[in-house]
Amino acid sequence: MRKLLSGNEAVARGAWEAGVEVATAYPGTPSTEIVQALAGYPEVNAQWSVNEKVALEVASGAGYAGARSLCAMKHVGLNVASDPLFTLSYTGIQGGLVVVTADDPNLYSSQNEQDNRHYARAAKLPMLEPSDSDEARRFSKTAFALSEKYDCPVLLRLTTRISHGESLTELEERKMGPVLKKFDRNPSKYVMLPGYARPRHPLVEERMNRLKEFAETFPENRIEMGDKKIGIVSSGVAYQYGREAFPDASFLKLGMVWPLPEKLVKKFAGQVEKLFVVEELDPFLEDNLRMMGLDPVGKEVFPLCGELSPELVKQGVSGKGSVREINFDQAIPQRPPILCPGCPHRGVFHILKKLKVFTCGDIGCYTLAAQPPLNALHTCLCMGAGIGQSFGMEKALGKDARVVAVIGDSTFYHSGITALADIVYNRGKGTVLILDNLTTAMTGRQGHPGSGLDIYGQPSPVVELEKLVLGLGVKRVTVVNPYDLPLLEKVIQEEMEADEPSVIIARSACVLIPQFKGVRKKPVRVDREKCDGCKICLQLMCPALTWEAKTEPGKKRKGYARIDPLQCTGCEICLQVCNEAAICREDQ
Amino acid sequence: MKPAAEVTNVLMVGVGGQGIILTSSILAAVAAESGLVIKKSEVHGMAQRGGAVSSHIRFGQKVYSPLIPAGEADILFGSELLETCRWLPYLKEGGKIIASLQKIDPPSVFRGEKPYPEGLVEKLKAKDPQLIAIDALKEAVGLGDARVAGIVLLGSLSKILDFNLQLWLDKVKEMVPKKAVEINLKAFQRGRELAGP
Ligand code: SF4
Ligand code: SF4
Chain A
1 MRKLLSGNEA VARGAWEAGV EVATAYPGTP STEIVQALAG YPEVNAQWSV
51 NEKVALEVAS GAGYAGARSL CAMKHVGLNV ASDPLFTLSY TGIQGGLVVV
101 TADDPNLYSS QNEQDNRHYA RAAKLPMLEP SDSDEARRFS KTAFALSEKY
151 DCPVLLRLTT RISHGESLTE LEERKMGPVL KKFDRNPSKY VMLPGYARPR
201 HPLVEERMNR LKEFAETFPE NRIEMGDKKI GIVSSGVAYQ YGREAFPDAS
251 FLKLGMVWPL PEKLVKKFAG QVEKLFVVEE LDPFLEDNLR MMGLDPVGKE
301 VFPLCGELSP ELVKQGVSGK GSVREINFDQ AIPQRPPILC PGCPHRGVFH
351 ILKKLKVFTC GDIGCYTLAA QPPLNALHTC LCMGAGIGQS FGMEKALGKD
401 ARVVAVIGDS TFYHSGITAL ADIVYNRGKG TVLILDNLTT AMTGRQGHPG
451 SGLDIYGQPS PVVELEKLVL GLGVKRVTVV NPYDLPLLEK VIQEEMEADE
501 PSVIIARSAC VLIPQFKGVR KKPVRVDREK CDGCKICLQL MCPALTWEAK
551 TEPGKKRKGY ARIDPLQCTG CEICLQVCNE AAICREDQ
Chain B
589 MKPAAEVTNV LMVGVGGQGI ILTSSILAAV AAESGLVIKK SEVHGMAQRG
639 GAVSSHIRFG QKVYSPLIPA GEADILFGSE LLETCRWLPY LKEGGKIIAS
689 LQKIDPPSVF RGEKPYPEGL VEKLKAKDPQ LIAIDALKEA VGLGDARVAG
739 IVLLGSLSKI LDFNLQLWLD KVKEMVPKKA VEINLKAFQR GRELAGP
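If you read the protein sequences in the order shown, they are chains A and B.
Those letters in the first sequence? Residues 1 to 588, per this note's numbering, in order.
Those letters in the second sequence? Residues 589 to 785, per this note's numbering, in order.
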């Protein structure tokens, strides 16, 4: 039976077929749907973890106990999870452990464009890289088998085009592995004291040698001989681009990108006239081919940054400017994503802008507030970074520096807690705004420890934000309604002036979750007589609030604001911003 | 339609929330069920907050790249006028266009900084004189639900792709929300009528 699946769904399917029992993740584009899909299989115990590090620790614990487990994350998530990963390479596991990393070339929804193949080499772990959905399913299964055979986690690397691309996939039945579930009391393997870890290192090196041998005969590393004039070494989606551009060329298609099959590579190189390496992002394969003494053509003709495409491959290989220039019509305005109508974040950024503070931001929908015309968020580095950075700024500029940290609820649970403890411990005086919209909005509204919902949408115990923050030693904790602008302004002012650390929890549901029902009100409207066309409300960048140009004799204004009653949620933020009292409730 | 050995490229574009993901999934399912190899690629992520959305659908006997090379789309299918024009450089010479006349102002327009560009239909027509341009939103509202606008367009698309009609109807039934099957089938039919004989 064949089915159209996305790469993410196919990884989940493959893991299920391999008998996976435990699946963990923190949501992150483009990886989110993997564990979301696994939650749909009744045999799998799936969860959203608080962050990627914990996700990997939970999955590896299950692996230590003999269950097959999978942990999925976006590329930058592996930075967070790298600490357990590197030492898991030493301890190994009992039940197969597959770690999926979904890279994001071209940064469709990420803060950088890192190439996670380097992790495989650095952590001394095998890495598989599929080039379509059916390979994603098969490689996911193979990864479990390899993990158990070689006693180590196996990395499975996807990229956005594989994760979110769909193609036909075979389906097979679920077959459980042979592993027994039990405690394995084996300190020299699982307690990484220096004395126990030292003898593990040579075992790791020896394992990599065995894996290198395996790579030579692994059927997913294969030579596809065609025209010998052009030989292309490639993997992942780049292989598909290469095939598209040069259907008749010779290929060395690598299903396993680490460790590399040196003999096979050299054999291929010896059979073709000109050797190319076609890969996205870094010259990972290329550098390694050079170390084998080969001299392929690679990044001198292919870009280091962004995605590849069939056109770019064609241009690089042929050496001709054959890329059809895509001349997008400059007269067509861009359409960037913006905060939803009624989004509870909007008012907070309006006030922060008004107060002219410097805002250390974080990762979530609210990062969009950095764009004009709001221009109200001034840093965004990585998950949870804003709190620590605001403290650093306070240290550099003195406690009177007008700086605040702004972080979402899910991001705070992910990586903000420790930074806040740091402020308390080190006598910081900063103000942290936690924008609590009760969900992980950005990635599609997943639950988190404060949301009261688990991955199955079932009620879950709540780690209460106020108590958590109080427990960290913050004495000034205020909860505010983010739609009440005068109150917000007053509280932010007061807390910034306080001589001790403070937390403001701005709490209201994301407009896209069911809890918003109780918040939604009747749309507001513009009183055309009163509107003087000042456009102040339009600075809020609410999609429901638009401009209608109209000049009238005897009137100075050039038009007026208009509100689309279908989009307006009645949040009344614009109503509070208007100086002319021209925006009013329906009944007024 | 093309000779069997070639790949057909359909580029579907619109604005987040308009249902491009659904229409592209239905087309992909129809092509797959017809025994063709299919690849579909889109970028999720920030789309739900009103950004531009595009979905590449490619089918044939053998398909490698999930992306349509620029200038090689056989069909450009757009549910918003300005977005359809944005992607025009992807259309090949002699390619076909199915466009909704619906306009959704992007931020710079609704905030009064720029006008919504004029003459877009003419631009489309210059590329495809047989352009199918329909007021899909109006049709959908006329049928009783604005949300079926995408399916109206899909009905028009079904007239220029060579797939079995019953297959289309089956997939529409299967993939639209259960409660709205009837109205979606009507919308599909309306789209077929509007596409001409
Ligand atoms: S999804 Fe929720 S949090 Fe994100 S912009 Fe929309 S309302 Fe705001
Ligand atoms: S009340 Fe104003 S700001 Fe709020 S959703 Fe309606 S138009 Fe937008």
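No lab work stands behind these hints: they were computed from the structure.
Backbone N, C-alpha and C define an ideal beta-carbon position, used for all residues, glycine too.
Heads up, a few of these hints could be off.
Said to hold, decoys possible - As a list, the in silico DSS-like pairs of lysine-lysine whose alpha-carbon atoms are at most 30 Å apart: (1) A/K229 with B/K767; (2) B/K691 with A/K3; (3) B/K761 with B/K747; (4) A/K558 with B/K767; (5) A/K521 with B/K747; (6) A/K522 with B/K761; (7) A/K353 with B/K766; (8) A/K517 with B/K691; (9) B/K715 with B/K702; (10) B/K650 with A/K253; (11) B/K767 with A/K535; (12) A/K267 with B/K702; (13) B/K747 with A/K550; (14) A/K550 with B/K726; (15) A/K274 with A/K263; (16) A/K517 with B/K680; (17) A/K124 with A/K395; (18) B/K650 with A/K517; (19) A/K558 with B/K691; (20) A/K228 with A/K212; (21) A/K530 with B/K767; (22) B/K702 with A/K320; (23) B/K680 with A/K314; (24) B/K726 with A/K320; (25) A/K299 with B/K650; (26) A/K266 with A/K189; (27) A/K3 with B/K702; (28) B/K702 with A/K550; (29) A/K535 with B/K650; (30) A/K320 with B/K691; (31) B/K702 with A/K555; (32) A/K124 with A/K263; (33) B/K766 with A/K517; (34) A/K556 with B/K761.
Stated by the list, open to error - Across the chosen pairs, the derived CB separations fall in these ranges: (35) B/G732 with A/I536: 50 to 58 Å; (36) B/G732 with A/I513: 22 to 30 Å; (37) B/P765 with A/D499: 51 to 59 Å; (38) A/A370 with B/G605: 19 to 27 Å; (39) A/E205 with B/Q649: 41 to 49 Å; (40) B/G605 with A/D248: 24 to 32 Å.
A quick look at each hint next to the structure:
1. Under the criterion of a C-alpha separation no larger than 30 Å, the hint pairing A/K229 with B/K767 is inconsistent with the structure, at around 58 Å.
2. A threshold of 30 Å between alpha carbons decides the hint, and for B/K691 with A/K3 the separation of about 36 Å lies outside it, so the pair is violated.
3. With a C-alpha separation of about 18 Å, the suggested pairing of B/K761 with B/K747 holds against the 30 Å cut-off.
4. Between A/K558 and B/K767 the CA atoms are separated by roughly 46 Å; this puts the pair beyond 30 Å, and the hint is violated.
5. The suggested pairing of A/K521 with B/K747 is violated, with an alpha-carbon distance near 43 Å, which exceeds 30 Å.
6. With a C-alpha separation of about 35 Å, the suggested pair A/K522 and B/K761 falls outside the 30 Å cut-off, and the hint is violated.
7. Between the alpha carbons of A/K353 and B/K766 the distance comes to roughly 46 Å, so the proposed pair goes past 30 Å and is violated.
8. With a C-alpha separation of about 29 Å, the suggested pair A/K517 and B/K691 falls inside the 30 Å cut-off, and the hint holds.
9. Among the hinted pairs, B/K715 with B/K702 is consistent with the structure: their alpha-carbon atoms are about 25 Å apart, no more than 30 Å.
10. In summary, the hint linking B/K650 to A/K253 is supported, as the alpha carbons are separated by about 17 Å, within the 30 Å threshold.
11. Using a Cα cut-off of 30 Å, the hinted pair B/K767 and A/K535 is violated, with the two alpha carbons roughly 42 Å apart.
12. With a CA separation close to 60 Å, the supplied pair A/K267 and B/K702 exceeds the 30 Å bound.
13. Under the criterion of a C-alpha separation no larger than 30 Å, the hint pairing B/K747 with A/K550 is inconsistent with the structure, at around 42 Å.
14. A distance of roughly 26 Å separates the Cα atoms of A/K550 and B/K726; the hinted pair therefore holds under the 30 Å criterion.
15. Note on A/K274 and A/K263: the hinted pairing holds, with a Cα-Cα distance of about 18 Å set against a maximum of 30 Å.
16. Taking the CA atoms of A/K517 and B/K680, the gap is near 47 Å; set against the 30 Å cutoff, the hint is violated.
17. Restraint check for A/K124 and A/K395: not satisfied, since their Cα atoms lie roughly 39 Å apart, outside the 30 Å limit.
18. The hinted pair formed by B/K650 and A/K517 fails the criterion: a straight-line CA distance of about 48 Å is larger than 30 Å.
19. About 23 Å separates the Cα atoms of A/K558 and B/K691, which keeps this hinted pair within 30 Å; it holds.
20. Between the alpha carbons of A/K228 and A/K212 the distance comes to roughly 26 Å, so the proposed pair stays at or under 30 Å and holds.
21. Pair hint A/K530 plus B/K767 does not hold up; C-alpha atoms about 44 Å apart against a cutoff of 30 Å.
22. Distance check on the hinted pair: B/K702 and A/K320 sit about 39 Å apart at the alpha-carbon level, beyond 30 Å; violated.
23. With a C-alpha separation of about 18 Å, the suggested pairing of B/K680 with A/K314 holds against the 30 Å cut-off.
24. Annotation: proposed proximity of B/K726 to A/K320 is violated, straight-line Cα distance about 48 Å (limit 30 Å).
25. A hinted pair counts as satisfied when its Cα atoms are at most 30 Å apart, and A/K299 with B/K650 qualifies at roughly 29 Å.
26. For the suggested pair A/K266 and A/K189, the alpha carbons sit about 36 Å apart, so the restraint of at most 30 Å is broken.
27. Under the criterion of a C-alpha separation no larger than 30 Å, the hint pairing A/K3 with B/K702 is inconsistent with the structure, at around 45 Å.
28. A threshold of 30 Å between alpha carbons decides the hint, and for B/K702 with A/K550 the separation of about 14 Å falls inside it, so the pair holds.
29. The straight-line distance between the Cα atoms of A/K535 and B/K650 is roughly 54 Å, outside the 30 Å bound, and the hint therefore fails.
30. Distance check on the hinted pair: A/K320 and B/K691 sit about 40 Å apart at the alpha-carbon level, beyond 30 Å; violated.
31. Between B/K702 and A/K555 the CA atoms are separated by roughly 22 Å; this keeps the pair inside 30 Å, and the hint holds.
32. This hinted pair checks out: A/K124 and A/K263 have alpha carbons roughly 20 Å apart, not beyond 30 Å.
33. With a C-alpha separation of about 23 Å, the suggested pair B/K766 and A/K517 falls inside the 30 Å cut-off, and the hint holds.
34. Using a Cα cut-off of 30 Å, the hinted pair A/K556 and B/K761 is violated, with the two alpha carbons roughly 55 Å apart.
35. A C-beta distance of roughly 39 Å is found between B/G732 and A/I536, which places it outside the suggested range of 50 to 58 Å.
36. Between B/G732 and A/I513 the Cβ separation comes to about 28 Å, which falls inside the hinted range of 22 to 30 Å.
37. Evaluation of the 51 to 59 Å hint for B/P765 and A/D499 yields a pass: the beta carbon distance comes to about 56 Å.
38. Separation of A/A370 from B/G605 is about 23 Å and conforms to the stated range, judged on CB atoms against 19 to 27 Å.
39. At roughly 47 Å, the beta carbons of A/E205 and B/Q649 sit within the given window of 41 to 49 Å.
40. Distance hint check for B/G605 and A/D248: the Cβ-Cβ separation is about 43 Å, which falls outside the suggested range of 24 to 32 Å.
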